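Asker: Residues per chain are reported as follows:
2 protein chains.
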Amino acid sequence: MKIAIMGFGVVGSGVGEIIKNNAESIAEKVSESVEIKYILDLRDFPDSEFKCFTKDFNDILNDDEVKLVVEVMGGTNPAYTFTKQLLSAKKHVVTSNKELVAKHGTELLEIAKANSVNYMFEASVGGGIPIIRPLINCLAGNEINNIKGILNGTTNYILTQMISCGKSFDEALKGAQENGYAEKDPTADVEGHDTCRKTAILASLAFGKEVDSEKIQTEGITKITLSDVALANKLGYSIKLIGLCEKAENGVYAEVCPMLIPKDNMLSGIDDVFNGIMVNGSFVGDVMFYGRGAGMLPTASAVVGDIIDIVRHKDKNVGIMWTKAEEGYLLDNAERKNSYFVRISSNDEISGEFIVKKIANDTEIGLITSEMTETKLKDMLKEKGVNALSIIKLVK
Amino acid sequence: MKIAIMGFGVVGSGVGEIIKNNAESIAEKVSESVEIKYILDLRDFPDSEFKCFTKDFNDILNDDEVKLVVEVMGGTNPAYTFTKQLLSAKKHVVTSNKELVAKHGTELLEIAKANSVNYMFEASVGGGIPIIRPLINCLAGNEINNIKGILNGTTNYILTQMISCGKSFDEALKGAQENGYAEKDPTADVEGHDTCRKTAILASLAFGKEVDSEKIQTEGITKITLSDVALANKLGYSIKLIGLCEKAENGVYAEVCPMLIPKDNMLSGIDDVFNGIMVNGSFVGDVMFYGRGAGMLPTASAVVGDIIDIVRHKDKNVGIMWTKAEEGYLLDNAERKNSYFVRISSNDEISGEFIVKKIANDTEIGLITSEMTETKLKDMLKEKGVNALSIIKLVK
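Going line by line, the protein sequences match chains L and Y. Numbering that gives the first Met the number 0 numbers the first residue of the first sequence as 0 and each following residue consecutively. Numbering that gives the first Met the number 0 numbers the first residue of the second sequence as 0 and each following residue consecutively.
FYI, nobody ran anything at the bench for these hints, they're computed from the structure. This structure is a prediction, so every number in the text was calculated from the model and none was measured. Don't take each hint at face value.
Copies of the same chain look alike in the list, so a pair counts if it fits in one copy or across any two.
Said to hold, decoys possible - Quick list of in silico lysine-lysine cross-link-like pairs, DSS-like style, CA-CA up to 25 angstroms:
| id | residue 1 | residue 2 |
| --- | --- | --- |
| 1 | Lys89 | Lys54 |
| 2 | Lys313 | Lys28 |
| 3 | Lys1 | Lys315 |
| 4 | Lys356 | Lys89 |
Please work from the sequences and hints to get the whole structure.
Answerer: Below, the structure written as structure tokens:
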């Protein structure tokens with residue numbers, strides 16, 4: 000099978016490397032050789048071992064020999080237009096582009112189905128961790144109740160540094176940048192946008208209807224302080240950035256925010272740049288998928304896994320699908336009850352039956368509350384004249 | 000699609016329940032209804048909601064309408080003969096029968112392939128945890144280096160009780176039996192046979208050639224004492240029963256034995272009846288799959304996942320396969336170097352560069368050694384006149 004790669008950045012060059020260096024073992028697995036015919040990139044790579052670069056997308060689109068295209072350009076433009084044209088031309092597309100899948104997945108999956116080809120994106124969530132296919136195949140005997148994921152390695156590294164080494168957010172971020180775990184502009188990671196897109200993809204897949212990433216309530220980790228981390232730790236919790244989705248009677252909840260995870264929950268032990276995705280199925284209960292959620296070769300290996308799967312099923316659409324959702328399908332988190340961690344000054348006096356657990360250091364107090372809506376909690380604190388320095392949800 | 004269930008025990012009745020109660024959502028997923036036409040069992044179930052029982056296997060074999068059979072009888076006889084006949088009659092077979100897959104998988108997969116049907120066994124390892132399909136599909140872009148698994152819930156529950164509650168092996172086993180986590184005759188679990196079969200299946204799948212479960216060196220947990228657990232804990236390790244397989248230059252290593260797991264390894268946090276399977280791929284590094292490894296509904300949900308997958312691909316063999324191995328393919332563990340935990344009496348004096356870490360309680364000493372073969376370790380201890388009370392390998 001002849002394929003093309005669009006975008007020769009980190010993931011694209013990883014895909015090239017794996018396919019080139021493992022041609023034999025891949026051919027053995029699918030009884031067919033997989034050969035890279037074009038690599039599309041506007042840049043020049045005179046020193047590359049590959050000699051099949053092009054700057055013209057039409058070379059790929061119009062070549063009937065190319066049956067599968069790897070889109071690892073990132074961003075929505077021109078990736079969106081290109082992908083539409085490729086699928087319409089009955090070429091399979093494999094991508095790691097979570098932004099595009101989150102934004103235009105519904106339409107692209109539909110076009111793929113109409114043309115009996117596949118649009119696959121295992122690499123878009125959790126890097127090399129198998130999650131998309133297990134969710135739709137292996138767990139198909141279950142109804143999915145909820146998914147809770149540590150989906151972003153950068154923020155998890157920063158939080159781990161804060162928890163284990165007592166570094167402040169700014170120090171930890173700087174360290175992450177120095178180690179290549181965070182970009183110069185870390186906004187997409189630390190503000191939760193990356194986690195949000197992955198959450199949208201998981202929610203859409205798990206529950207069968209589109210969850211629009213732009214409508215998911217999203218909070219990053221920039222406001223988390225060392226005090227939060229230390230008091231939470233004393234109370235028996237780790238703080239992690241969680242992408243959450245949950246089926247309810249009339250729709251789904253989805254949210255991205257820092258959450259307190261009890262130490263006996265497997266998610267609390269996921270440190271550094273590792274990701275973990277906990278899926279709750281109606282019959283299987285909790286299952287978790289763990290591994291490196293990013294990086295050139297882990298992500299590229301997931302792309303290659305999709306390529307191999309398509310070579311095995313090249314004549315049909317394998318049925319990865321979700322549809323448009325009705326108005327109001329994504330429910331309002333304000334109506335959802337939760338327990339909370341609340342940090343207040345030692346000068347504030349507080350008592351009441353809603354306090355489940357309480358711990359203090361020299362200057363501050365950390366509380367765990369009973370379950371209620373966030374509005375009710377805030378009203379109650381206001382009534383008591385207490386100024387909350389932090390309010391962080393507990394994972395259920 | 001009309002299907003049959005052979006064996007109406009724990010898993011079989013779970014499969015029946017899921018298919019009956021979720022008929023609509025299953026039909027939606029595969030655009031086709033799945034209907035149980037026969038249930039084969041020698042016992043009578045007059046109170047069952049199912050009215051399609053038969054005691055005659057030929058009813059199923061000779062009914063052309065039945066395209067898929069769920070074999071959850073357990074044991075190798077008559078499951079082996081029945082499965083062969085069904086596959087030869089071009090009926091797909093889904094099973095949770097690890098004993099049969101471990102013993103006759105090579106032949107049954109070959110018959111399935113020759114007849115363009117599928118023999119699937121996701122439920123045979125890790126109950127409801129997705130592992131078989133992720134291993135052969137999602138991770139197909141990797142060469143698998145090794146797999147280390149906590150594959151048996153009963154023994155993990157017993158070890159957790161020993162570690163967390165200070166119960167002796169016998170007390171913990173009794174508790175497990177009272178809670179329904181261990182059978183009256185716990186031999187297959189506590190002696191490691193169950194873990195051994197699952198290890199054979201994983202090793203055969205991951206490396207493509209049959210690893211005979213009867214040739215895998217297997218040691219259970221019956222010799223583990225509270226002293227081992229306590230000293231290991233002080234040294235920073237948990238003791239877990241591990242099924243291990245690893246690719247080497249000229250073949251594979253496979254082994255089942257209790258091992259010391261460092262506290263920062265995710266496997267050490269897997270407690271109670273939960274299972275965890277850590278797979279190391281050439282590009283993705285370590286990925287782990289975690290969840291309930293047994294139980295009626297978790298296991299049944301994995302069987303139903305396989306059924307759904309087959310309905311989606313009913314006209315072809317999807318290529319789950321391994322072949323016979325050459326003589327000597329399974330390598331001798333005696334040649335493999337390891338670090339060890341050694342427990343000795345405080346009366347024994349011991350020193351030497353091979354001791355990496357050492358800790359003592361009132362009457363005994365726990366050591367961690369450098370890497371060497373087990374033969375070398377035993378020779379050395381003999382030379383020094385030291386009597387080892389326990390020798391337990393460290394996980395790499």
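Asker: Which of the stated hints cannot be reconciled with the structure, identified by number in ascending sequence?
Answerer: When the structure is compared with the hints, only number 4 turns out to be violated.
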